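Participant: Line by line, the protein sequences are chains U and B.
Heads up: take any position in the first sequence, counting from 1, add 234, and you land on my numbering.
Letter 73 of the second sequence, counting from 1, is numbered 66 in my numbering, and no numbers are missing.
Worth flagging that the hints you see were computed from the coordinates, not collected in a lab.
All of these numbers come straight from a predicted model, not from anything done at the bench.
C-beta: ideal position from N, C-alpha, C; glycine also.
Be careful, since some hints might not be right.
[Said to hold, decoys possible] Now the in silico label distances, taken between C-beta atoms and shown as ranges:
no., chain 1, residue 1, chain 2, residue 2, range
1, U, 756, B, 45, 33 to 41 Å
2, U, 803, B, 202, 50 to 58 Å
3, U, 737, B, 135, 18 to 26 Å
4, U, 436, B, 52, 21 to 29 Å
[What the hints assert, rightly or not] Just a sample of chain U residues kept apart from chain B, beta carbon distances all over 12 Å, derived:
no., residue
5, 398
6, 408
7, 439
8, 480
9, 522
10, 526
11, 541
12, 568
13, 600
14, 722
15, 730
16, 735
17, 779
18, 781
19, 793
20, 798
[What the hints assert, rightly or not] Residues from chain B that keep clear of chain U, each with C-beta distances beyond 10 Å, as calculated:
no., residue
21, 30
22, 36
23, 41
24, 99
25, 120
26, 136
27, 202
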Amino acid sequence: MLHLELEPKPDKTTLLFTNTRSHAERWYQAILGAKPDWAKTTALHHGSLDQEERHRVEGDIKSGILRLVVSTSSLDLGVDFPPVQDVIQIGSAKSVARAIQRAGRAYHRPGEDTRVRLCPTNVMEILEASAVREAIQDGVIEERAPRHKPLDVLVQFMLNSAFDEGFDPVELLAQVRSAYSFRTVTDDEFIWALQFIRSGGSLAAYSEFRKVELDGGRYRFASPSLAREHRMNIGTISSDSSVVVQMRGGKRLGMIDEAFVAKLRPGHVIQFAGRTVEFVQARDMVAYVKPARQRHSLATVWTGTVFPLSVPLSRYLRENVEYLLQAAQGAAPRSSEVASLLPIAKIQLARSGIPTARQTLVEACRTGEGHHLFVYTWEGLSVNEGLGHLAAYRLARLSPNTIAVSATNHGFELLASEPPGSPEVVREALTAVDDLDADIQGSFNYPELAKRAFRDIARVAGLIRQGLPSAHKSARHLHMSSSLLFDVFREYEPHHPLLMQAYCEVRELQLELDRLRAVMQRIADHEFLYVPITRLTPFAFPLYTERIRSRLSTEKFERRIARLQREVFD
Amino acid sequence: MRILVRGESFELLCERCLFWPSQSLLVVADSHFGKAETFQQRGLWLPSAPIQQDLSVLSSLTKRLSVRNLLFLGDLVHSLAGVTEDIVRAFATWVTGYPGRIEMVIGNHDAGLAKRWPTAWNSVKLSECVRIGDFLFQHQPPGELTQDRGFHWAGHVHPVITLDRGPDRIRLPAFIISDSLGLLPAFSRLAGGFEVSPSAHDRVFVVGKQDVYAV
Chain U
235 MLHLELEPKP DKTTLLFTNT RSHAERWYQA ILGAKPDWAK TTALHHGSLD
285 QEERHRVEGD IKSGILRLVV STSSLDLGVD FPPVQDVIQI GSAKSVARAI
335 QRAGRAYHRP GEDTRVRLCP TNVMEILEAS AVREAIQDGV IEERAPRHKP
385 LDVLVQFMLN SAFDEGFDPV ELLAQVRSAY SFRTVTDDEF IWALQFIRSG
435 GSLAAYSEFR KVELDGGRYR FASPSLAREH RMNIGTISSD SSVVVQMRGG
485 KRLGMIDEAF VAKLRPGHVI QFAGRTVEFV QARDMVAYVK PARQRHSLAT
535 VWTGTVFPLS VPLSRYLREN VEYLLQAAQG AAPRSSEVAS LLPIAKIQLA
585 RSGIPTARQT LVEACRTGEG HHLFVYTWEG LSVNEGLGHL AAYRLARLSP
635 NTIAVSATNH GFELLASEPP GSPEVVREAL TAVDDLDADI QGSFNYPELA
685 KRAFRDIARV AGLIRQGLPS AHKSARHLHM SSSLLFDVFR EYEPHHPLLM
735 QAYCEVRELQ LELDRLRAVM QRIADHEFLY VPITRLTPFA FPLYTERIRS
785 RLSTEKFERR IARLQREVFD
Chain B
-6 MRILVRGESF ELLCERCLFW PSQSLLVVAD SHFGKAETFQ QRGLWLPSAP
44 IQQDLSVLSS LTKRLSVRNL LFLGDLVHSL AGVTEDIVRA FATWVTGYPG
94 RIEMVIGNHD AGLAKRWPTA WNSVKLSECV RIGDFLFQHQ PPGELTQDRG
144 FHWAGHVHPV ITLDRGPDRI RLPAFIISDS LGLLPAFSRL AGGFEVSPSA
194 HDRVFVVGKQ DVYAV
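Between the sequences and the hints, there should be enough to build the whole structure, so can you do that?
Facilitator: So this is what it looks like as structure tokens:
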């Protein structure tokens, strides 16, 4: 259990940042559970709360009423809040930029230092804290790679320009090219987009299409109702299809994922907006709830992104792992974090090994569950997922095997029913870059990933409508799921540019194939440290728990983790 | 796939239709003709799957099975606005060329069309519900309180089932058969689907490319 000094001081506001909305809800509840008398001076803030509630909290921070605010990235940006003086980050921020941004919420005068306290949620996050500090000292920060001419955004921008008097295509093209991401848009691409909004696409397939029309050299909406409907769909931030959460006969609390609501049954109790409420029913895109008597509740889950470890932070983290090795071998610890991890580093070294920045560590062991391989890259979740599935696919192809993959930001575990092969075979599976594209396609359900990427693209380009709560019933016959649309396009227009964009985003943004390739090259250059282990090591512990987390109910999970913790760390 | 329902033999076809051999009856639910056109008129991108494609499927089916009676189980069209001249003409040509009887029960999407029924389609007989012996054919499944002891065949729901086999998740149209109700999948491939959770005694059949499979 964590012990955090949280005693708020008068005239001072503390911001407690978490990485997900779920965690924010749980921390808020847990804090008030321990300190019920803080209720009046403690608040919750995240992007799925009702706007009115968020504005109220922001106002209360400014006017200094609040002592403690539990929040997600929703308070990262925007205005500075003068009374905020203390910032606590739960878990690692996973990127240097985010850590700086969050620290920046604290009150400071120019030239004065700000402090952020990092509260790690697992052992490796202690080391991440040290890596973040070194990166900041070296002035290293993540680059923000601009997106490369996303066509969905181009289409929406054109439609946004088609209100009222509409646009002149030549003027608009010049304007489009003045944006960095679109500076290389070709005439062909621009003309495709013009045709797309004017005639839908090929004339044969879109004989009835009406959206914008060309009139006197300008493109404008073909009717006021088409313009009005587009206005309701402007924006590029898409959340999963959301449902309003409302108290029965009263206040709106915020938004919740449709997919989560679908799993709820009347009587289920959830934590939402800092309250414990009972689900009554869902009707017309509203989930009705009432105050709950019972205390035991489900944590509300939003499908959001897990922050992947950034590229520079990964590099600093691998160096810190080497510092850990040096300390475990007797050198003076380089930082207080390394010092605090010394006992654990010694266990790790005794049972297995700690890699230098020029080595790759793979641990192998056999349990009643099967054959485990733990591979450590410290390269972020998407690379670990990609490499894990790729290696599993290749190993199972060499000899029949069933292999489960679970990945975290630090590494991945392969759990195989049969022996996965010699160290050389494993190394080959992790490093061979020939046929990488084909093997990636084989190891992932590619169309399924593309389908998910297409959902956002379809929404931004206006292919499907956002849920309009008021116009719901009348518009029902115009409802189309992005997944069906994806299938229809794949059948009738397989080379549709927006489909191509979906595949491209899967490769570049989701699987981060360039980064994956670089990591494989690095492992190939590295010394390969393949260590058979007989007991689970401290490094393996988070990977192991990640896999069983998805299988067990919370209660069983916690009991099992407690037992494991004793086995690993005592 | 042949199944027995109340002693009668029915055939579940991978063309997403139901065939009743002893009556030489082919049942087609939720064809939603003109759906893409309806979307296009409202500025939404949905490529037209030519109605000819759907009609030629029906032609080959009716020939292969020597179908004497054809029944559209509602939602023949998606909306009145989507019924373009091309669609009126194409369906009229098909109806004229078909030698058997054509009947149709009116679905919720057909409401507008039923009031302005194209004269070229006049040989199609319209009704709210069709009863043959112990079997009732209507667009929407009856409510739970229905007193009728007959077996209901219905469309409207567009049932689909997701088969979850590890990483291979696949969503397929389905026939769902319970004690007193049989749900047909939508004939239209643009229709989309509603994920149903059948109860333990329901018989579930998913529609693949080549065949229908019991689950």
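Participant: Which earlier hints can't be squared with this structure?
Facilitator: Hints 1, 3, 7, 14, 15, 21, 22 and 23 are the ones this structure does not satisfy, whereas the remaining hints hold.
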